[in-house]
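Model the placement of chain B on the given structure of chain A, informed by the hints.
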Amino acid sequence: MNTRGLRSQLKDSVPVTGLCPQAGSYGVQDSLRRGFSSVKNELLPSHPLELSEKNFQLNQDKMNFNTLRNIQGLHAPLKLQMEYRAARQIQRLPFLPSSNLALDTLRGSDDSIGFEDILNDPVQSELMGDPHIMTEYKLGVL
Amino acid sequence: TEEQCWGTWGKNIKCVCFYRNALLEADINKLGFSSPAARKTGTTICGVVYKDGVVLGADTRATEGMVVADKNCSKIHYISPNIYCCGAGTAADTEMTTQIISSNLELHSLSTGRLPRVTTANRMLKQMLFRYQGYIGAALVLGGVDCNGPHLYSIYPHGSTDKLPYVTMGSGSLAAMAVFEDRYRPNMEEEEAKRLVRDAIAAGIFNDLGSGSNIDLCVITKGKVDYLRPHDMANKKGVRTGSYRYKHGTTGVLTKAVTPLNLEVVEESVQTMDTS
Numbered sequence: 001m002n003t004r005g006l007r008s009q010l011k012d013s014v015p016v017t018g019l020c021p022q023a024g025s026y027g028v029q030d031s032l033r034r035g036f037s038s039v040k041n042e043l044l045p046s047h048p049l050e051l052s053e054k055n056f057q058l059n060q061d062k063m064n065f066n067t068l069r070n071i072q073g074l075h076a077p078l079k080l081q082m083e084y085r086a087a088r089q090i091q092r093l094p095f096l097p098s099s100n101l102a103l104d105t106l107r108g109s110d111d112s113i114g115f116e117d118i119l120n121d122p123v124q125s126e127l128m129g130d131p132h133i134m135t136e137y138k139l140g141v142l
Numbered sequence: 001t002e003e004q005c006w007g008t009w010g011k012n013i014k015c016v017c018f019y020r021n022a023l024l025e026a027d028i029n030k031l032g033f034s035s036p037a038a039r040k041t042g043t044t045i046c047g048v049v050y051k052d053g054v055v056l057g058a059d060t061r062a063t064e065g066m067v068v069a070d071k072n073c074s075k076i077h078y079i080s081p082n083i084y085c086c087g088a089g090t091a092a093d094t095e096m097t098t099q100i101i102s103s104n105l106e107l108h109s110l111s112t113g114r115l116p117r118v119t120t121a122n123r124m125l126k127q128m129l130f131r132y133q134g135y136i137g138a139a140l141v142l143g144g145v146d147c148n149g150p151h152l153y154s155i156y157p158h159g160s161t162d163k164l165p166y167v168t169m170g171s172g173s174l175a176a177m178a179v180f181e182d183r184y185r186p187n188m189e190e191e192e193a194k195r196l197v198r199d200a201i202a203a204g205i206f207n208d209l210g211s212g213s214n215i216d217l218c219v220i221t222k223g224k225v226d227y228l229r230p231h232d233m234a235n236k237k238g239v240r241t242g243s244y245r246y247k248h249g250t251t252g253v254l255t256k257a258v259t260p261l262n263l264e265v266v267e268e269s270v271q272t273m274d275t276s
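Those protein sequences? They're chains A and B, same order as listed.
So for the first sequence, full-length UniProt numbering puts the first residue at 1; every next one is plus one.
So for the second sequence, full-length UniProt numbering puts the first residue at 1; every next one is plus one.
Excised from the complex, chain A in its bound form (with noise of 0.2 Å):
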């Protein structure tokens, strides 16, 4: 698979920012959320597949929509777009996994199973970020 073809996606999706791009709050690299960073790995993608995979759900949610809209007309997407929007906002606080119940039965991903799932599943995370600081950075207090 050509990555260069795919450094045209790098301006849509990934966000090339200045000259640090693993800046954390004050500026700094910031290890402990983004991981290590090398000036490499932010510019070129590290798997031929990265982007294809960072970008999948949304590149099939267009295409759904875009089948959608013209089989249907625009009244079929824009109301299952709001739907979608209500439903992403039932989240538990911040520093807790959410079930997303509601977007994956809209999705219809609620009967399906993908690595997703297997690998990496956040309710079986062994780490859990401090739930004051947390809160009081989603609320904009911190």
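A couple of the hints might just be wrong.
[Said to hold, decoys possible] For lysine-lysine, the following DSSO-like pairs were computed, each having C-alpha atoms within a straight-line distance of at most 27 Å:
id, chain 1, residue 1, chain 2, residue 2
1, B, Lys126, B, Lys222
2, B, Lys126, A, Lys54
3, B, Lys236, B, Lys71
4, A, Lys54, A, Lys79
5, A, Lys79, A, Lys62
6, A, Lys62, B, Lys222
Rather than coming from a laboratory, the hints here were simulated on the basis of the structure.
Same frame as chain A, but now just chain B:
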């Protein structure tokens, strides 16, 4: 190597594992080590459609480079009660892929309320393998019987599929295909079909280094599955004919001196384990 970590790309979490592996791979040769080889199933798998259903066959050797890793591994995987799948290529890939598709097919069949169709399994597999552009090294022979009769598909790692009356995959596929091309007829009887598949796998076992050990067969008909493991032990390990152990009394005893050690118990203490 084929060490790949399928982190959750879709949720924008970097998979640190993959970067570490890539870094190690680059530096490890400088240190004089070689990264471990993925365990592959250099294999012979095949399938044939006969009068009442489908016969799937596979050998049972798993290799890790030039060494046999498993002398009796099972390459015919369960997908659903009426569908089975043989897998060649990277052992982990075939195992996990067939398990994921089996789970998805079970959920799908619960949702529709019907027995799953072979073509559904085929479509799920090919869409997943195409999504990963051949990085999942799984070459599969999918066979089963559903409401529309017996079906047999071969699925390649990049996601292309073929629907045929007889298929072979794996490193021994050419040897097996030679047997099929010679003796296949449409609408065979069950015994003839089993013999044909057994001979095709045997051709792969004896003519390909990547295949070996026993022959497993799976006969799928409407409402019944015969999982014959092993159907034929073509390579039984030999039995030693002679014994090199020395008989008692071979070495003569010249002198014998016995010294008893008189020990007495001084103190006895019991410490209980915390088994709560």
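Right, here's what the structure says about each hint:
With a CA separation close to 25 Å, the supplied pair Lys126/B and Lys222/B stays within the 27 Å bound. Distance restraint check for Lys126/B and Lys54/A: the Cα-Cα separation of roughly 20 Å lies within the 27 Å cut-off, and the hinted pair is therefore satisfied. This hinted pair checks out: Lys236/B and Lys71/B have alpha carbons roughly 11 Å apart, not beyond 27 Å. For the given pair, Lys54/A sits about 25 Å from Lys79/A by alpha-carbon distance, which is consistent with the 27 Å threshold.
Using a Cα cut-off of 27 Å, the hinted pair Lys79/A and Lys62/A holds, with the two alpha carbons roughly 14 Å apart. With a CA separation close to 41 Å, the supplied pair Lys62/A and Lys222/B exceeds the 27 Å bound.
In the structure shown, a violation is registered for the earlier hint numbered 6 alone.
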